[in-house]
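Colleague: Given the sequences, and given the hints that come with them, work out the whole structure.
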Amino acid sequence: KTIPDAMWITLLNLSGECPLAHYSSIGKVIVSIIGLFATAVFGVPIGILGAGFEELVTSEYEDSPDEDANVDPALDGPGFR
Numbered sequence: 110k111t112i113p114d115a116m117w118i119t120l121l122n123l124s125g126e127c128p129l130a131h132y133s134s135i136g137k138v139i140v141s142i143i144g145l146f147a148t149a150v151f152g153v154p155i156g157i158l159g160a161g162f163e164e165l166v167t168s169e170y171e172d173s174p175d176e177d178a179n180v181d182p183a184l185d186g187p188g189f190r
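For the sequence shown, the positions run 110 to 190 when this note's numbering is used.
Source of the hints: derived by calculation from the structure; they are not laboratory data. Note that beta-carbon positions come from the ideal geometry of N, C-alpha and C, so glycine has one too. Do not take every clue at face value.
Ranges between beta-carbon positions, derived for each pair [what the hints assert, rightly or not]:
#1 Ile139 with Ile112: 19 to 25 Å
#2 Ala115 with Gly152: 16 to 22 Å
#3 Glu171 with Phe151: 26 to 32 Å
#4 Ser133 with Glu171: 55 to 61 Å
#5 Ser168 with Ala130: 49 to 55 Å
#6 Ile118 with Phe151: 16 to 22 Å
Modeller: What follows is the structure, given as structure tokens:
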């Protein structure tokens with residue numbers, strides 16, 4: 110129907126509620142807080158884990174030896190790369 114109605118259904122889905130009943134104004138506020146809190150509870154740890162994984166991958170990539178170090182000098186000429 111309207112954008113606020115769509116936002117309300119989205120907040121209900123985030124909080125795990127089923128939109129089968131009519132909610133009072135205070136109920137909408139409580140469910141909105143629960144939905145935002147639930148998003149923060151899952152979003153913050155996922156961001157921290159993602160940043161740690163990125164740091165691990167970056168450090169592994171930087172610590173790996175270069176491929177150029179294992180090239181035979183006899184093959185290091187034009188046409189061989």
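Colleague: Now tell me, hint by hint, if it's right for this structure.
Modeller: These are the hints, each one checked on the structure:
1. In this structure the hint that isoleucine 139 and isoleucine 112 lie 19 to 25 Å apart at CB holds, the actual value being about 21 Å.
2. Separation of alanine 115 from glycine 152 is about 21 Å and conforms to the stated range, judged on CB atoms against 16 to 22 Å.
3. Between glutamate 171 and phenylalanine 151 the beta carbon distance is about 31 Å. The supplied range of 26 to 32 Å therefore holds.
4. A hinted range of 55 to 61 Å holds for the C-beta pair serine 133 and glutamate 171, which are about 56 Å apart.
5. Separation of serine 168 from alanine 130 is about 51 Å and conforms to the stated range, judged on CB atoms against 49 to 55 Å.
6. Look at isoleucine 118 against phenylalanine 151: about 19 Å separates their beta carbons, and that is inside 16 to 22 Å.
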